[in-house]
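A.B. asks: Going by the working numbering, 51 is the number at position 51 of the sequence shown; the sequence numbering is gapless.
Hint data in this document are derived by calculation from the structure and do not stem from the laboratory. There could be a bad hint or two in this list.
Straight line, CA to CA, 35 angstroms or less: simulated DSBU-like cross-link-like pairs of lysine-lysine [claimed, not checked]: (1) 100 to 84; (2) 100 to 160; (3) 84 to 160.
The model shown is predicted, which means the values in this text are computed figures rather than measured ones.
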Amino acid sequence: MELEHNPVVDNETRRSFGYRLARLASMWRREIDADLRVFGLTDATWRPIYHLNFSSSSMRQTDLARSLSLEAPSLVRLLDVLEKRGYVVRETDEEDRRSKLVSITSQGRQVAALVCRVADQVTARLMAGVSDPELEECCGVLDRVEQAALAHKENTDAGKRDAR
Numbered sequence: 001m002e003l004e005h006n007p008v009v010d011n012e013t014r015r016s017f018g019y020r021l022a023r024l025a026s027m028w029r030r031e032i033d034a035d036l037r038v039f040g041l042t043d044a045t046w047r048p049i050y051h052l053n054f055s056s057s058s059m060r061q062t063d064l065a066r067s068l069s070l071e072a073p074s075l076v077r078l079l080d081v082l083e084k085r086g087y088v089v090r091e092t093d094e095e096d097r098r099s100k101l102v103s104i105t106s107q108g109r110q111v112a113a114l115v116c117r118v119a120d121q122v123t124a125r126l127m128a129g130v131s132d133p134e135l136e137e138c139c140g141v142l143d144r145v146e147q148a149a150l151a152h153k154e155n156t157d158a159g160k161r162d163a164r
């Protein structure tokens with residue numbers, strides 16, 4: 001089934017989609033960040049905790065840095081702070097002694113639960129005017145865009161491997 005394309009939508013709305021999506025993600029994070037400052041948490045401190053909370057096992061420090069879009073030295077300094085607060089622990093990776101594994105502690109999980117509650121409140125506030133069918137349709141669009149991005153990355157990575 002071929003999708004119908006409106007030239008006006010192609011030229012204006014499609015061009016601005018990625019920009020608007022990135023801007024909204026940034027605004028959303030700032031809203032959560034503002035609500036968490038009352039608890040002494042900043043964007044830098046709550047994001048790794050939130051991310052680690054959803055990981056079923058320890059994460060390599062390099063993988064965590066990549067997933068948070070942080071440079072490794074910045075993450076190391078941040079993990080020093082989180083470790084001193086008792087939210088995370090780092091251990092040497094037995095499979096690769098050069099790597100560190102990062103795990104969330106039970107105290108970190110309590111902070112993650114707070115972050116989740118605040119994130120849920122922000123979500124409710126920001127999405128109050130969005131109906132369930134609108135949300136489902138939007139999630140479907142985002143899923144298709146994400147799949148296209150992943151497929152492109154996979155093809156690009158395969159092309160790089162073939163060129164070697």
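A.B. asks: Take the C-alpha atoms of residue 100 and residue 84, compute the straight-line distance between them, and say whether it is at most 35 angstroms.
C.D. replies: The hint holds at about 16 angstroms.
A.B. asks: Are the Cα positions of residue 84 and residue 160 separated by 35 angstroms at most?
C.D. replies: With Cα atoms ~42 angstroms apart, residue 84 and residue 160 exceed 35 angstroms; violated.
A.B. asks: Check the hint pairing residue 100 with residue 160 against an upper bound of 35 angstroms on the C-alpha distance.
C.D. replies: Given that 35 angstroms is the threshold and the Cα spacing comes to 28 angstroms, the pair holds.
Checked against the numbered hints listed earlier, the structure breaks hint 3 alone; every other hint is satisfied.
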